[in-house]
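Chain order of the listed sequences is F and H.
The end of the first sequence is residue 123 by this note's numbering, with every number in the run present.
The end of the second sequence is residue 1431 by this note's numbering, with every number in the run present.
Derived from the structure by calculation, the hints contain no laboratory data.
Please read these numbers as outputs of a predicted model, since none were measured by experiment.
Don't be surprised by glycine CBs; every beta carbon is placed ideally from N, CA and C.
The reader is advised that the hints may include incorrect statements.
Partial pick of chain H residues on the chain F-facing surface, computed with a CB cut under 8 Å [claimed, not checked]: (1) L1324; (2) A1328; (3) K1335; (4) F1337; (5) P1345; (6) V1374; (7) V1383; (8) A1385; (9) R1389; (10) A1390; (11) E1391; (12) D1415; (13) N1419.
One-letter residues, chain by chain:
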Amino acid sequence: MKHHSIVHFDLVAKDRDALAQFYQQLFGWQYTHHEELKYTILRTGGGLDGGIAGLSGQSSGQVFYISTDDIDAALRKVIEHGGTVTHPREEVPGMGELAYFRDPTGNTVGFWRGEG
Amino acid sequence: MAVLMGGNLMSSRQIVHVEFPALDIQAGVEFYQKVFGWSCHYMPEFRYATFDAHGVAGGIGEVSEGGYQPGTVVFYVESEDVDADLRRAEELGAAVLIPKMAIPGQGWIAVFTDPEGNRIGLYRQGTDAT
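Given only the sequences and the hints, what does the whole structure look like? Please build it.
Next comes the structure, spelled out in structure tokens:
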């Protein structure tokens, strides 16, 4: 079983391009738009990378993602410990799978299983 | 924190801390310890718990009236100059949420909301912070 580390973060935006430029100017972060996914990948230059989800997409707001090699099993464990599933496992074509849950303190958190 | 890279002093602009609030910090600690095996350290005197998510650092803070609400995550970015970064963020359209403040013995933080309303923190490590 892989370690359940934090592997990715999401911001949200109506205007992904403008926000990507904001972070490029402020922190020098690099970005790549993926129009088909209404998503922009942010590369922070080390450590944790993230992205900007379009508000019209499958966004769950400003969240972090925890890695797992079995999203369904991880969601079952979350439920056993008082969390609730807010978005079941879904494929992100060509990239991996994600799901969202709400922890007992009220925060929405993502699961991510990358391909390869 | 500065890192020496190719002879030049380069600033690192990484996410160094992931923070979210909880009404019941102890419940949050138990959940993330049991479900994900994170190493957590609850400090009741600071109403704060730090965690190590297998290499990624973060914390669980206390929900405050009119301020910190459940479900509001903050990503902290490493900063060499919190004041300068905050000014630059404002010039680019951000709004200051928490002005620069010292965390005694730890460093300095500030939090802004970007032009789309996302919450981003700045963090400068410094054991001399008072």
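These are the hints, each one checked on the structure:
Among the interface hints, the one on L1324(H) holds; its C-beta lies about 6 Å from the nearest C-beta in chain F, closer than the 8 Å criterion. Annotation: interface hint on A1328(H) holds; nearest CB of chain F at approximately 5 Å, less than 8 Å. A least Cβ separation of about 6 Å between K1335(H) and chain F falls short of the 8 Å threshold, and the interface hint therefore holds. Hint status for F1337(H) relative to chain F: holds, with the closest Cβ pair at about 4 Å, below 8 Å.
Checking P1345(H) against chain F: minimum C-beta separation of about 16 Å lies over 8 Å; hint violated. Taking 8 Å as the C-beta contact cut-off toward chain F, the hint placing V1374(H) at the interface holds, the least distance being around 5 Å. For V1383(H), the interface hint is violated, since its Cβ never comes within 8 Å of a Cβ in chain F; the closest pair sits about 13 Å apart. Violation of the interface hint for A1385(H) is found here, the shortest Cβ-Cβ separation to chain F being roughly 11 Å, above the 8 Å cut-off.
A hinted interface residue such as R1389(H) counts as satisfied when its beta carbon comes closer than 8 Å to some beta carbon of chain F; here the least separation is about 6 Å, so the hint holds. Annotation: interface hint on A1390(H) holds; nearest CB of chain F at approximately 6 Å, less than 8 Å. Here the hint on E1391(H) is broken, as its CB sits about 10 Å from the closest CB of chain F, past 8 Å. Hint on D1415(H) holds. Least Cβ distance to chain F is approximately 6 Å, under the 8 Å limit.
The beta carbon of N1419(H) is positioned within 8 Å of a beta carbon in chain F (closest approach about 4 Å), and the interface hint is therefore held.
In terms of the numbered hints stated before, the structure departs from hints 5, 7, 8 and 11, listed from lowest to highest.
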